[in-house]
Amino acid sequence: MRAILPFPRLSLMVFLLWAVITNAASLGQLVLGALLAIVIPLLSRDFWPAPPPLVRPWRALRFMGVFALDIVTANWRVARQIIGPLHRLSPAFVEVPLDLRDPFIATLLGSVVSLTPGTVSIHVDQQRWVLLVHALDVPDPQALIDEIKERYEQALKEIFAC
Amino acid sequence: MSTATEFIISALIVLGALFVLLGSVGLARLPDFFMRLHGPTKATTLGVGATLLASAIFFSVQDSEGISLHELAPLFFLFITAPVTAYLLAKAALHRRSSGRNSGQPAPKSKQLPGQH
Amino acid sequence: MLNAAIEIAFVLVAVALALNIYRLLVGPDTTDRILALDTLGINTIALLVLYGISSNSTAYFEVALLLALLGFVGTVALCKYLLRGDISE
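Protein chains in written order, with this note's numbering: chain L, 527 to 688; chain H, 867 to 983; chain U, 360 to 448.
One should not assume that every hint holds.
Within a straight-line C-alpha distance of at most 30 Å, the following computed DSBU-like cross-link-like pairs (lysine-lysine) qualify [stated by the list, open to error]:
| no. | chain 1 | residue 1 | chain 2 | residue 2 |
| --- | --- | --- | --- | --- |
| 1 | L | Lys-683 | H | Lys-957 |
| 2 | L | Lys-675 | H | Lys-957 |
| 3 | U | Lys-439 | H | Lys-957 |
Looking from chain H toward chain U, a few residues come up when the C-beta cut is under 8 Å (computed) [as the list claims (entries may be wrong)]:
| no. | residue |
| --- | --- |
| 4 | Gly-882 |
| 5 | Pro-897 |
| 6 | Phe-899 |
| 7 | Phe-925 |
| 8 | Gly-932 |
| 9 | Glu-937 |
| 10 | Leu-938 |
| 11 | Leu-954 |
| 12 | Ala-958 |
| 13 | Ala-959 |
| 14 | His-961 |
| 15 | Arg-962 |
| 16 | Ser-964 |
Label pairs and their in silico Cβ distance ranges [as the list claims (entries may be wrong)]:
| no. | chain 1 | residue 1 | chain 2 | residue 2 | range |
| --- | --- | --- | --- | --- | --- |
| 17 | U | Tyr-440 | L | Thr-633 | 33 to 39 Å |
| 18 | L | Thr-599 | H | Arg-895 | 20 to 26 Å |
| 19 | U | Val-385 | L | Arg-582 | 46 to 52 Å |
| 20 | H | Phe-873 | L | Asp-625 | 16 to 22 Å |
| 21 | L | Ala-586 | U | Ala-418 | 22 to 28 Å |
| 22 | L | Arg-614 | U | Tyr-440 | 41 to 47 Å |
| 23 | U | Leu-425 | L | Ser-616 | 52 to 58 Å |
| 24 | L | Met-539 | U | Leu-425 | 19 to 25 Å |
| 25 | L | Asp-625 | U | Pro-387 | 36 to 42 Å |
Source of the hints: derived by calculation from the structure; they are not laboratory data. No experiment lies behind these values; they were computed from the predicted model shown. Where is the CB? At the ideal position from N, CA and C, for every residue including glycine.
Chain L with its partners taken away, still in its complex shape (with noise of 0.2 Å):
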């Protein structure tokens, strides 16, 4: 089993993807998608890092709602502070210590603060482990600091148990 499916969270993706991007449309698009799930894997398996264990799938799907609503807001916020007077504005740079030791959850996690609280990730200190960000107002740097934690990577450490 391993030797065919080296990934299977890669190989479920890659299968997923075929069939939404062909619509599912016939039986033919479904085993091709599966062939493929098989051989994309198998052809490229040199390239990924090894996985992180998923411990809590059903926390990771909470976690992508909260995520949702949280892109949501974020951009409301945003929005707004790109329409409003600009001098009101107080933009930094903040460094956000991790507690996580992944590179892979730390890339993620940089991914999740860039799409969310005003914030843009620029750089994962992987010696010190770091999270530089760029946020465009920020009164409070400790808070947003507490934020980024508590909301996000508290949530990443319990889902990859890391």
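Dock chains H and U against the given chain L, drawing on the hints supplied.
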């Protein structure tokens, strides 16, 4: 197509286009590169996402074809790539600033610009 | 109602494209121009999807998908060039 679904699709389209516009307003209006990065990474991504969602609903409720989900592929792709683009552009900008090749760039408005990364 | 919504959206996205072109021309730095180009590409996807809805055709979907892929690869290549002075590693 019922009136309710038409309303949902129309609302998604207009809201999506509004967010696309907001992202570009941010890009054109904000004074510093790192601030400009925020508009396109968040507002534009959400705007295009809403438009794609409207398209998925529209083609799903058309009678001739079956359910249409293939708009989800570019939607996921955009949400995955937007942070990567922002990250790479920010790195390139920091690199250029630290190596002093930013001709004509005013001093950064952002506080405490970190050094070499 | 749908047609009116699409018309409004066309106008909004067109203004957005004009703003992107403004940033593309003004700069001031190369990274600003790359960001403007990337945004231009993503906004074009929105425009294509809207056009697909208004002309009731799914043919534009593949164009939108390819534009997303190529736009991303192009932006990454340009950023790599700025970072290293070279595209390949």
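Structure-based check of each hint:
Restraint check for Lys-683 (chain L) and Lys-957 (chain H): the C-alpha separation of about 26 Å stays at or below 30 Å, so the hint holds. For the suggested pair Lys-675 (chain L) and Lys-957 (chain H), the alpha carbons sit about 23 Å apart, so the restraint of at most 30 Å is met. Between Lys-439 (chain U) and Lys-957 (chain H), the direct Cα distance comes to roughly 9 Å. Compliance with the 30 Å bound is thereby established for this hinted pair. For Gly-882 (chain H), the interface hint holds, the least distance from its beta-carbon to any beta-carbon of chain U being 7 Å, beneath 8 Å.
Interface restraint check for Pro-897 (chain H): the shortest CB-CB distance to chain U comes to about 11 Å, outside 8 Å, so the restraint is violated. At its closest, the beta carbon of Phe-899 (chain H) sits 6 Å from a beta carbon of chain U; the interface hint therefore holds under the 8 Å criterion. Hint status for Phe-925 (chain H): holds, given a least beta-carbon distance of 6 Å to chain U, under 8 Å. The interface hint given for Gly-932 (chain H) is violated, since its Cβ lies 12 Å from the closest Cβ of chain U, which is over the 8 Å cut-off.
Contact between Glu-937 (chain H) and chain U, as hinted, is supported at the beta carbon level, the nearest pair being about 7 Å apart and thus within 8 Å. Hint status for Leu-938 (chain H) relative to chain U: violated, with the closest Cβ pair at about 11 Å, above 8 Å. The criterion of a C-beta within 8 Å of any C-beta in chain U is met by Leu-954 (chain H), whose closest approach is roughly 4 Å, and the hint holds. Nearest Cβ of chain U to the Cβ of Ala-958 (chain H): about 4 Å, under the 8 Å cut. The hint holds.
Restraint check, Ala-959 (chain H) versus chain U: the minimum CB separation of about 4 Å is within 8 Å; hint holds. Annotation: interface hint on His-961 (chain H) holds; nearest CB of chain U at approximately 5 Å, less than 8 Å. The closest approach between the C-beta of Arg-962 (chain H) and any C-beta of chain U is roughly 6 Å, which is under the 8 Å cut-off, so the hint is satisfied. For Ser-964 (chain H), the interface hint is violated, since its Cβ never comes within 8 Å of a Cβ in chain U; the closest pair sits about 11 Å apart.
Range check, Tyr-440 (chain U) to Thr-633 (chain L): about 22 Å between beta-carbon atoms, so the 33 to 39 Å window is missed. About 22 Å separates the C-beta atoms of Thr-599 (chain L) and Arg-895 (chain H), a value consistent with the hinted range of 20 to 26 Å. With their beta carbons about 48 Å apart, Val-385 (chain U) and Arg-582 (chain L) fall inside the hinted range of 46 to 52 Å. For Phe-873 (chain H) and Asp-625 (chain L), the hinted distance range of 16 to 22 Å is not satisfied, since their beta carbons lie about 45 Å from each other.
Checking the proposed 22 to 28 Å range against Ala-586 (chain L) and Ala-418 (chain U) shows it is violated: the Cβ atoms sit about 36 Å from each other. About 37 Å separates the C-beta atoms of Arg-614 (chain L) and Tyr-440 (chain U), a value inconsistent with the hinted range of 41 to 47 Å. Separated by about 41 Å at the C-beta atoms, Leu-425 (chain U) and Ser-616 (chain L) break the suggested range of 52 to 58 Å. Range check, Met-539 (chain L) to Leu-425 (chain U): Cβ separation about 20 Å, and the 19 to 25 Å hint holds.
At about 39 Å, the CB distance of Asp-625 (chain L) to Pro-387 (chain U) agrees with the hint of 36 to 42 Å.
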